[in-house]
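Residue numbering for the sequence shown follows our numbering, beginning at 13 and increasing consecutively.
Hints may contain errors.
[To be verified] Calculated lysine-lysine pairs in the DSS-like style (CA-CA distance at most 25 Å, straight line):
{"no.": "1", "residue 1": "K206", "residue 2": "K189"}
{"no.": "2", "residue 1": "K251", "residue 2": "K189"}
{"no.": "3", "residue 1": "K206", "residue 2": "K250"}
{"no.": "4", "residue 1": "K204", "residue 2": "K251"}
{"no.": "5", "residue 1": "K251", "residue 2": "K206"}
{"no.": "6", "residue 1": "K250", "residue 2": "K189"}
[As the list claims (entries may be wrong)] Distance ranges between label pairs, derived from CB positions:
{"no.": "7", "residue 1": "D130", "residue 2": "T59", "range": "19 to 29 Å"}
{"no.": "8", "residue 1": "I62", "residue 2": "D130", "range": "14 to 24 Å"}
{"no.": "9", "residue 1": "L248", "residue 2": "N68", "range": "48 to 58 Å"}
{"no.": "10", "residue 1": "A52", "residue 2": "S105", "range": "15 to 25 Å"}
{"no.": "11", "residue 1": "K189", "residue 2": "Q55", "range": "46 to 56 Å"}
These are calculated hints, taken from the structure and not from any lab test. The beta-carbon is built from N, C-alpha and C at its ideal position, and this holds for glycine as well.
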Amino acid sequence: MADVVFAKTYMPPSLRHFLIILNPLANGNANRYLRTLLSALQQLGDTYDIWQTTANEQANLRHLQQCREQYTDWVVLGGDGTLNLVVNVLAHSDIPLGLIPCGSGNDFARNLYAGQDDPVAVVVGEYCKKVDLGLCNERYFANVLGVGFDGAVVASLYNDQPRRFRRWRYLQAALIKLFTYPEQELHLTSSKIKREPAFIAAFANGRYFGGGMQIAPQAHLDDNMLDCVWVGHTSLPKKLYYLSRIFSGSHIRASAVDYWQDSAFEIHTAGLPIEGDGEFFGVTPAQVCVVPGALCLKVPCVGDRVNTDPVCQD
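Take the sequences, apply the hints, and build the full model.
Here it is in structure tokens:
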């Protein structure tokens, strides 16, 4: 990977105006983080507004689109779903986005923060970096897009309220579907052509999904590529065995798993559910591609370099 070039925002702190986007269903750390964040902004002389997301996704998008020109810095206090909402507004802008992970899985944050990093210090700091986004049809994703098994799990939870304890409900639904979901014929073209039964096809910008599963251990947020993880037809005992290996990333050496990188993919099969960043994206067919450098992300700084590839710890 080429040397990282990082830049200061060159905005005097007293002129910064922050939009803090808070998911009201964020985990128990949100209030503590919010108090610390507001104290830090007040000490720096920055101004801020706090806005809470609602259950109406389209209303959220309309409101945030109206905010694009009003704030110099944005901060998300929430998880991957809230982040997905915001990147679909800030894609291709130079507005720095900071993330304070307060969701159920926080998988994108695992690519960003090491155990010693302070997310509040990062989001009020001055270091930012352009990172890639994925694009599925007309919707962006920051982390991982899944078709097949994972899409079916998220689709089964799409209209299931409330959204609290979502991680545990996701794991419960995933365990049930692991025993009942049949492989689906999937036709995909990229630098490879695949037309065979598949349990899941995942397209990864980041390494983790499902609450810490290392689905794509070779993925990087800034390599201008998506990592495709294709799990083909296999027996239930092997699926359970692969599941035990996915947290370490060693599943990619299994015979039923194909792993490759590309910048664009086309899914021709119709009617398969799609999830992106843990959110229901609809159904196939779909065009999936990487969008290089589409997001300006606040990042940790270690010494004289931006920390772009840490090992994240809980």
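Against the structure, the hints come out as follows:
Only pairs whose Cα atoms come within 25 Å are accepted, and K206 paired with K189 is accepted, the gap being roughly 24 Å. The hinted pair formed by K251 and K189 meets the criterion: a straight-line CA distance of about 12 Å does not exceed 25 Å. Of the pairs offered as hints, the one joining K206 and K250 holds, with about 21 Å between alpha carbons and a cut-off of 25 Å not exceeded. Pair hint K204 plus K251 holds up; C-alpha atoms about 24 Å apart against a cutoff of 25 Å.
With a CA separation close to 20 Å, the supplied pair K251 and K206 stays within the 25 Å bound. Taken as a hint, the K250 and K189 pair is honoured in the structure, with Cα atoms around 15 Å apart against an allowance of 25 Å. For the pair D130 and T59, the beta carbons lie near 22 Å from each other, so the given range of 19 to 29 Å is met. For the pair I62 and D130, the supplied restraint of 14 to 24 Å holds, since their beta-carbon distance comes to about 20 Å.
At about 40 Å, the beta-carbon gap between L248 and N68 misses the expected band of 48 to 58 Å. Range check, A52 to S105: about 24 Å between beta-carbon atoms, so the 15 to 25 Å window is met. Roughly 48 Å separates the CB atoms of K189 and Q55, a value that falls within the hinted 46 to 56 Å.
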